[in-house]
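Engineer: Sequence:
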Amino acid sequence: MNMPSDIIIRAYRPADCPELLRLFFDTVHTVNARDYSPEQLDAWAGGRPDTEAWGRSLSEHFTLVAETSGIISGFGDIDNSGYLDRLYVHKDFQDMGIAAALCDRLEMGHERITTYASITARPFFLKRGYRVVRENRAVRQGIELLNYFMEKTL
20 MNMPSDIIIR AYRPADCPEL LRLFFDTVHT VNARDYSPEQ LDAWAGGRPD TEAWGRSLSE
80 HFTLVAETSG IISGFGDIDN SGYLDRLYVH KDFQDMGIAA ALCDRLEMGH ERITTYASIT
140 ARPFFLKRGY RVVRENRAVR QGIELLNYFM EKTL
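One rule links them: number in the numbering used here = place in the sequence shown (from 1) + 19.
Hints in this document: simulated from the structure, not taken from any laboratory. There are no misleading hints in this set.
Derived CB-CB ranges, DEER-like:
| id | residue 1 | residue 2 | range |
| --- | --- | --- | --- |
| 1 | N155 | E58 | 14 to 20 Å |
| 2 | E38 | D114 | 19 to 25 Å |
| 3 | K110 | S76 | 18 to 24 Å |
| 4 | R29 | T139 | 22 to 28 Å |
Keeping only pairs whose Cα atoms sit at most 30 Å apart, straight-line, the calculated DSSO-like set for lysine-lysine is:
| id | residue 1 | residue 2 |
| --- | --- | --- |
| 5 | K110 | K171 |
| 6 | K146 | K110 |
| 7 | K146 | K171 |
Computed from a prediction, not measured in an experiment: that's the story for all the values here. All C-beta atoms in this analysis are idealised placements derived from N, C-alpha and C, irrespective of residue type, glycine included.
Using the sequences plus the hints, can you model the full thing?
Structural biologist: Below, the structure is given as structure tokens:
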């Protein structure tokens, strides 16, 4: 895992929202395709996200954006309770340490962090010291998605 030397982690700006939505869609439909069916991927990340709701949520949470060579390469957000809501890395920037760099910053100042991790993300969180509390079956648009409720205490 070689972290790019020119990675910048910065605060989210509302103008980032459209690009983060594209990154989310592309990442889910490529990286997560090994663990979920096409129907599940469409239910998870459909082509018509609620941009206003996403923007509001990202602004209300502590949200960080990773840039590599001027390209948004990842983002993540956490709320005041320590719930890590989203953590996504651009499909072309996988396995470079970007998710770890974002998590290092997002986890700061929290004694306990919880998240719902996808099948794909579960090994990443296990390596970071999270434990599976329970399997979860989320239902999106009538389609069931397996994920894991995980926690980490610092």
